[in-house]
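Here is how the chains run, residue by residue.
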Amino acid sequence: MKLYLFMFLLAGSILIGGCEKSLDEDAKTFIAPADFFTNGEQCTQAVNGVYASLNTIYGSPDFWRIVDLGTDLSYTEDANNLVPHEYTFTSGNTGTGSVWSSAYTAIKNANMVIARVSQAPIDEQLRGRLVGEAKFLRALYYFILSNFWGDVPVWTDELDVDAVSQLARTPLVEVREQIMKDLREAAETLPLSYGTSDVGRATKGAALTLLAKVYLYNKDWTNARQTALQVVQSDQYSLLPSYADVFDVRNRFKNNAESIFEVQFLRDAATATNIKTHQQTSYYMPARDPGLSTYAGVDFGSYVIDGWSVCRPTIKLVKMFEPNDQRKDVVLGYGYNGQTFTKWPRPDHPWFGPKFWDLEANAQASGKNLYILRYVDVLLILAEAYNEEGNTSESMKWLNEVRKRAELSELASLSQEGLREEIMKERAIEFVGEFQRRWDLVRWDKLVDAIKSVADDNPIGAANIKPFHNYYPISAEEIIKNPNLTQNPGY
Amino acid sequence: MKKQTFECYFLLMLLLVLAVPTFAQQQASIKGVVVDTAGRQLEGVIVTVQLNENQIVKNTTTDKQGLFQVNDLQNETSYTLNFRLVGYTPFTQEVLTNRGSISSIYIKLSPKETVLDEVVLIGYGTSKRKDLTGSVSTISTEKLADLPATRIDQMLQGRAAGVYVKSTNGAPGSPTTIRVRGSRSISATNEPIYVIDGIVDPSGTNLNSINPADIESIDILKDASTTAIYGSRAANGVVLVTTKKGKAGRNEFRFSTNQGISQLAKRPEMMNAREFAEFINEARIFGKQPALYPNVDSVINIVGGEGTDWVDAVTRNAPFSSYDLSASGGTGGDHGYTYYLSGNVLNQQGIIENTDFKRYQGRLNFTKNLSSKVNLGVNLNISRENKKLSSMNLGSNTGWSSSYVFLAPTIPIYKADGSYETFNPIWYTGGHIDNPVAIVNKITNKQLANNIIGNFYLQYEPISGLKLRSSLGINFINQRADYYSPSDMPSKIYNNIMYGSASSDIYNTTSLINENTANYTKSFGDHHLDFLLGTSYQSRDIDRLYASGARLTNDITQYNNLGITEQENRGIASNLDENTIISFLGRINYDYQNRYYFTFTGRRDGASNFAAGKKWGFFPSGAVKWRISNESFFENAKIRNTISDLSLRVSYGLSGNQGIANYQSLASLSANSNAYIFGGTQALGYTQGNVGNDGLTWETTSQLDAGLDFEFFNGRVNFTADYYRMVSKDLLLTVQIPSQTGYGSRIVNLGKSLNEGFDFSVNGDVIRNRNFTWNALINISTNRQEVTDIGPLTRVSLDAGIGYGVLTSYLEKGVPIGANYGVEYAGTWKNQEEIDAELSKPSGERTLVSTANLYRPGGPRYVDYNRDGVLNAVDYHYLAPANPKLFGGFGSTFTYKRATFDFFFQFSQGHKMFNAMEFFAGMGSSLTNQYKYMADRWSVNNPTSDIPAVESRDNIPGDRLLHDASILRLKSAQLSYNLKGLLLKELVKDMKVFVSGTNLFLLTGYNGFDPEVNSGGSSSTIIATDNGNYPNSRTITFGLNMTF
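Protein sequence lines, in the order shown, are assigned to chains A and B.
1 is the number of the first residue of the first sequence in the numbering used here; add one for each residue after it.
492 is the number of the first residue of the second sequence in the numbering used here; add one for each residue after it.
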């Protein structure tokens, strides 16, 4: 009996012994980071992954509702967008949706790429470019975070979950130091331009423009001016003759001469294929008439675009335009194809105009690219920096460049204060809906005044707004998960 | 046999022998002694003496010594003696009298088979219930056999103490979710494992392929002593399924059929067209817009006063039919064999149009003795399952724009020209949709599975008591899911993008399991020993290939030729998932004199899906049992007549849970072929995928179980009670981590949970007459569960998938898993003064809050939990458990002559669930139809109403939307009539006709379709959410059952 038992167990243990190795997991469906980053192709693909978050962030209503709504240029009546508009956000309902987590997801990917590509056995020039792209993107993502929340946790190494989970917020000054460090390094290794198949990647010009902008936010006028001048002197960019072309309703001028950095989207209208799309068009289009393909009473032809008209221009914006400003009929919508709208959002209020339309869109899907940095921004940075340095004549020179394109008269003599007002107005008109207004108002410390100035269009917001609203609250959930996070004052 | 008894018996026999000469008389006599199997003399045995079949000559009973004597019998005549005693099998003996003398006989009566004698399956072996040291629920399928069930888990509902079985939805062939003694795990599974004919179901709970009619019995292992033998996967209980085997010498051929109909059992009460039109007008005017229906009557003229009943439009009375054929039999002996062959065709139409479940299944169970020492067997089950699924939105919160619950009754199904109506005037400012009728009629969504489950074993008994057994089990599954949306979907016609889109998703599963066991049993006098040693190796590979094609210009090829779509309109995916588990197991059972029992088991498991170096776990358990009724003091006690058996059991042990996905401990990169656009074309991009975790290992549950087993009146009534307490630690927990890491969560071993409760079950014959019997059974279970540790986090939100940021479930220390959270609803603001008074209070003194935009008369208000004047997630607190505190079932079987009536009720109590539909349809949202009760909403004309006014949707989980989910359900009822011997006497051995029904009656306060649903499916944590489920149905069938 013992013999049988023994033999039986022996057979069993041989079987099991041979299989012991099969407990090792040998995944064949995915690649481990340690097995990747072995050639230029793979490193490029990993950098591509860092770009993907641009679509996530800029393509999300969460983002544009917290930077363009709740300003003096647009208002909403849509129930789902009221929180940032009416300044009712709290730590429990921050109104900021996924922006915080999407930006950190992007930073996490950028950190890994920067750490691994820096060590990868690839061509030196390619490595410099790829690390530069990732650093530019990381700087941009921290720029977004710091503009909404002020102090934010900063980390730049490959993820150590336990350490990063406990990080406290870094003071805004240091966050911007990190952003500027990345941008300076990126500007050194990034090329001025790319071949056609790589159009859309970050360039030296993009890094310098963003850097100039951060200097401007820091009120470091000299560096802002010098950096912006480098962009001008690079001779890569020029203004398109017409503002309407910059925002062509048929997307014919993507990545044009004026574009320094834009988020790439793609929709193939010919085959009705949505490849990478956003819904901004639906948010800004005039309301579609129930059951019809007309918008505010005007037939747009065979287009089938959802028009929700979530974002609408304030009367303040309408009144900002000087007579003859060529941008007025691009920014504001009074009609289409010679027909005037028959319905209006509110008495005497127009809709948002063709700047935001995409006639190639279908339903909610638009493939229109979204600008992050335009050459106009460089010109207006120069105008602002010169003016703040006291050089009004040089400032006006750059400002007039912008006015000329809008077919407005050139400004001749203005005080520093008067010019400052003009520049602020110019930025409002030029960049409305381009994810700038709230950040500009905050850095000028004019957010509260601005909201109170549109009490007619946003009475609740005007009543609620307080100075502490300059920054959004950190989500209570995040503070529960990481008690080292402190809340912004006022929440 | 006890020594004392043997001596008594010897003395008695001596007495009898000595007595023989003293009765030398003319007439003959018969005398004797009647004893039980243990040799104890039996008093009160009725002895009937018959001369031939009909003529009873004498009657007598045995005395205290078990003696009887019958005198005055004819000489040299053959008499038939019948011996009867309650609780014993009647016995008949022929006796030939001697001339003028006394014939002595010795009669041994064996006790009737009772519940305690039934054989119970334990892992890798069997035990008699009376020898069982652990806690096992056994479900006899006898009474369930003729019910229209398609899956065995559906038959378990309410039947076993401590086992809570809940349907997840009512679609034909859809699974249930089972909790054996509560939930303990958070991110790993809480479902028990299934062992079919000894083979650990290699592919998880794939029960659709098994025909309930093939099931002999189901045993559910509940305590650690019985489950530990299944080690790492046993913490959630083990369901052992035994299929029918042939019986040597009993060749049978059986046919049965069930034909019936299913219908929608219950539905929510929504507004009709007129109520809705008035509601939407009020809402529009409130929103400073013109009324949608300025002339309500004109819309009523089109759709009628009730309007379109969307639920009615897509549901139907659905036929159910099933046919079973089986043949079984065999021959005995050293070279004998047994067989059981069966086939089943099932066609269950769903109550939603164009949904169904069809099964074609066959089984072969075969055993063969090669010699007296060697036997082998094979169990093979082959099935093909076809399912048509509903593509329509079933009322989920996020599907408000086109679901059959939410669509306005003022929308007609068809336009005047006969085409489908697409316009939904309340989809914001109006939009075009595919209405539910169009979707159920036009979209193809089907699943097909071919499933082979088989196992082969060889058993060798080299010496008596030692059994060596080796088995090989296989499970091959080919699954294919096809989807097609044709080019002429109404919304596509409207948008003028008339292309078809198709996809196919193909899975292949290959599972292998090899188990080798050695079992040795030996008795040494009063000592009984049973050893088991074994090894197990199990592997499972799942590969998948998915392809899709859009922009199809024809509707003919559908998913059958995806290559005819353009390159950029194709989608493709594939992956491979491999898992291996290696185990060593052992068990020792020992008992002394059937009085003291000890069981020790242990299993060492290695599983591939944990981190390197953390793969192995050891799961030991021990149990003791004291069979008090076998003690001498008990035997002599008077109570022995009432309590015929009494045992006390205690067990303690560890079992594990490894129910998480593969590769979770490994770091990965995830690829996206459409990561970004460069130069106007898509570019492939990689991002960081899973974060590695070097410490990922087993979740362990320790369980204490103490039980009492009573048997009364020799098995007429049985009662079992168990107390259990389970502590689970190192929970596999998907922990929310700060988003600043770039991740929202990761899986770690963290936390503890506790489960405790009582299981009771009683079963007995209340009345037992010749013509009438009444058998009743009841089981009641209690369960209390609590998360006792979730690490540094105070609270973790669980997303029940309701959407719009509505969070109704949290994990928190001291609160049950998956519990309902929210705030107390405090009615509506009645007027502006009330609001102003509340808002003027300083923070800290506030009692009532609303979301910022709903501080208006008629707006919903809530109790301000933290009194800060702001309504947010911080105010959400524990409201009610999602698992019942008390559940079980009760039923009765009445037999009168040939008729049998059986009914079974199932109940659960003490749990609540959110009706997700009400976040729109109970809050006055102008985007959807409303519950009928919203007609009584607050308005200027109805200023005292506590039902919110129009446009009060706030996405706040208020307890107004949280409903008591307690139920009392008439789960099944059946009336059958036995026609045996009445019809086709020569041909038919047995014949029965019956009518049966399931889900016939439901008592509940819930206002959705049915509280017994779960949108979370078999989710570990989300156990009670109603967010768009296929509704449960009521089924009534007629059947016939014949044995030849």
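There may be inaccurate statements among the hints.
DSSO-like cross-link-like pairs, simulated, lysine-lysine; straight-line CA separation at most 27 Å [unchecked claim]:
#1 A:K452 x B:K779
#2 B:K1388 x B:K1483
#3 B:K1332 x B:K1321
#4 A:K328 x A:K219
#5 B:K906 x B:K736
#6 B:K933 x A:K28
#7 B:K906 x B:K958
#8 A:K319 x B:K779
#9 B:K603 x B:K757
#10 B:K1332 x A:K466
#11 B:K1321 x A:K276
#12 B:K1376 x B:K757
#13 B:K1105 x A:K21
#14 A:K425 x A:K319
#15 A:K452 x B:K619
#16 B:K603 x B:K1332
#17 A:K404 x A:K425
#18 B:K1376 x B:K736
#19 B:K779 x A:K343
#20 A:K316 x B:K779
#21 B:K958 x B:K1013
#22 B:K859 x B:K619
#23 B:K735 x B:K603
#24 B:K859 x B:K849
Footprint (simulated), chain B over chain A, 3 or more residues, beta carbon under 8 Å [said to hold, decoys possible]:
#25 118-132
#26 237-251
To be clear, the hints were calculated from the coordinates, so they are not data collected in a lab.
Idealized CB from N, CA, C, for every residue including glycine.
Hints, one by one, checked against the model:
For the hint pairing A:K452 with B:K779, the CA-to-CA distance comes to about 24 Å; that is within 27 Å, so the pair holds. Between the alpha carbons of B:K1388 and B:K1483 the distance comes to roughly 13 Å, so the proposed pair stays at or under 27 Å and holds. Taking the CA atoms of B:K1332 and B:K1321, the gap is near 18 Å; set against the 27 Å cutoff, the hint holds. Under the criterion of a C-alpha separation no larger than 27 Å, the hint pairing A:K328 with A:K219 is inconsistent with the structure, at around 30 Å.
Taking the CA atoms of B:K906 and B:K736, the gap is about 59 Å. The hint is violated against a cut of 27 Å. For the hint linking B:K933 to A:K28, the alpha-carbon distance of about 39 Å lies beyond 27 Å, and the restraint is violated. Taking the CA atoms of B:K906 and B:K958, the gap is near 74 Å; set against the 27 Å cutoff, the hint is violated. For the proposed pair A:K319 and B:K779, the alpha carbon gap of about 26 Å is at most 27 Å, so the pair holds.
Note on B:K603 and B:K757: the hinted pairing is violated, with a Cα-Cα distance of about 46 Å set against a maximum of 27 Å. The hinted pair formed by B:K1332 and A:K466 meets the criterion: a straight-line CA distance of about 20 Å does not exceed 27 Å. About 48 Å separates the Cα atoms of B:K1321 and A:K276, which puts this hinted pair outside 27 Å; it is violated. Between B:K1376 and B:K757, the direct Cα distance comes to roughly 25 Å. Compliance with the 27 Å bound is thereby established for this hinted pair.
Taking the CA atoms of B:K1105 and A:K21, the gap is near 14 Å; set against the 27 Å cutoff, the hint holds. Proximity of A:K425 to A:K319 is assessed by CA-CA distance (about 11 Å); at most 27 Å being required, the pair is judged to hold. Distance restraint check for A:K452 and B:K619: the Cα-Cα separation of roughly 83 Å exceeds the 27 Å cut-off, and the hinted pair is therefore not satisfied. Of the supplied pair hints, the one linking B:K603 and B:K1332 is violated, its CA atoms being roughly 78 Å apart against a limit of 27 Å.
With a C-alpha separation of about 15 Å, the suggested pair A:K404 and A:K425 falls inside the 27 Å cut-off, and the hint holds. Note on B:K1376 and B:K736: the hinted pairing is violated, with a Cα-Cα distance of about 39 Å set against a maximum of 27 Å. Straight-line distance between C-alpha atoms of B:K779 and A:K343 comes to about 15 Å, which keeps the hinted pair within the 27 Å bound. Between the alpha carbons of A:K316 and B:K779 the distance comes to roughly 23 Å, so the proposed pair stays at or under 27 Å and holds.
Only pairs whose Cα atoms come within 27 Å are accepted, and B:K958 paired with B:K1013 is accepted, the gap being roughly 12 Å. The straight-line distance between the Cα atoms of B:K859 and B:K619 is roughly 24 Å, inside the 27 Å bound, and the hint therefore holds. For a cut-off of 27 Å, the pair hint linking B:K735 to B:K603 stands: about 23 Å separates their Cα positions. Note on B:K859 and B:K849: the hinted pairing is violated, with a Cα-Cα distance of about 33 Å set against a maximum of 27 Å.
Counting residues of the segment 118-132 of chain A whose CB falls under 8 Å from any CB of chain B gives 0; the rule of at least 3 is not met. For the segment 237-251 of chain A, the assignment as covered by chain B is violated, since 0 residues bring a beta-carbon within under 8 Å of that chain's beta-carbons and 3 are needed.
Of the numbered hints stated above, those contradicted by the structure are hints 4, 5, 6, 7, 9, 11, 15, 16, 18, 24, 25, 26, listed in ascending order.
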